[in-house]
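K.L.:
No gaps in the numbering here: position 105 of the sequence shown is 104 in numbering that gives the first Met the number 0, and each next residue is one more.
These are computed hints drawn from the structure, not numbers from a lab.
Treat the numbers as computed from the prediction; the structure is a model and nothing was measured.
Incorrect hints may have been included.
Distance ranges between label pairs, derived from CB positions [stated by the list, open to error]: (1) Pro39 x Ile113: 28 to 36 Å; (2) Asp37 x Ser152: 32 to 40 Å; (3) Glu8 x Phe156: 29 to 37 Å; (4) Ser54 x Asn157: 39 to 47 Å; (5) Thr136 x Val14: 35 to 43 Å; (6) Phe60 x Thr136: 28 to 36 Å; (7) Pro130 x Thr32: 31 to 39 Å; (8) His4 x Phe156: 38 to 46 Å; (9) Pro130 x Asp37: 43 to 51 Å; (10) Ile113 x Gln24: 21 to 29 Å; (11) Phe60 x Pro39: 25 to 33 Å.
Even glycine gets a Cβ: it sits at the ideal position worked out from N, Cα and C.
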Amino acid sequence: MEIAHCYLEGNVDAVEFCPHELFHQVLAVSTYTLQEGDQPNRCGSISLFSVDADSNQLDTFHQVETSGIFDIKWTSVGASPLLAQADASGYVKLHSLGSGSNGSENGVEVLKEICGEMVSSSMCLCLDWNPSATSITVGLSDGSISVLTLAESQLRFNNHGKHMSMRSGLPVLTPNNQI
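Construct the complete structure from the given sequences, taking the supplied hints into account.
P.N.:
Pasting the structure below:
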């Protein structure tokens, strides 16, 4: 049964409802598009929708253009929800959901980037929050994983920038992303 639909430019890679009690109707959708050519470029977006299943409504209320995104995850720990993104440029970025303060978005929830960290020159393919929302684990296209800690609105590497390689199914810590 379909209640509503819309089309976005690019490939839809991830959809996530906000788990925060006050924002259960907010759906985040991320996209990824490879623009081929002499200088290939990966671009994407995060779109926020208000979903009302009772009235079959799916309304876009905010969109942010980004590098191509492979994964997004919300956390509801704390006063306001945070959305983490893993992107094709090797970054993990965090966005807060808050009220806009300019013109047409005044009083409407918008995403505000609060911090970002370049994890690797490889693409960040997937991520997940730990249950207390104090760290994020990121899977990379080179076969490694990284763990970032969130402290005072900043992302920092655990293990001093070391990444874990999953060779032979056994994690091996290696410095400077050397596998």
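K.L.:
Look at each hint and say if it fits the structure.
P.N.:
So, going through the hints one by one against the coordinates:
no.	hint	result
1	Pro39 x Ile113: 28 to 36 Å	holds (29 Å)
2	Asp37 x Ser152: 32 to 40 Å	holds (39 Å)
3	Glu8 x Phe156: 29 to 37 Å	holds (33 Å)
4	Ser54 x Asn157: 39 to 47 Å	holds (45 Å)
5	Thr136 x Val14: 35 to 43 Å	violated (20 Å)
6	Phe60 x Thr136: 28 to 36 Å	holds (30 Å)
7	Pro130 x Thr32: 31 to 39 Å	holds (33 Å)
8	His4 x Phe156: 38 to 46 Å	holds (40 Å)
9	Pro130 x Asp37: 43 to 51 Å	holds (45 Å)
10	Ile113 x Gln24: 21 to 29 Å	holds (22 Å)
11	Phe60 x Pro39: 25 to 33 Å	holds (32 Å)
Consistency note: the structure conflicts with earlier hint 5 alone.
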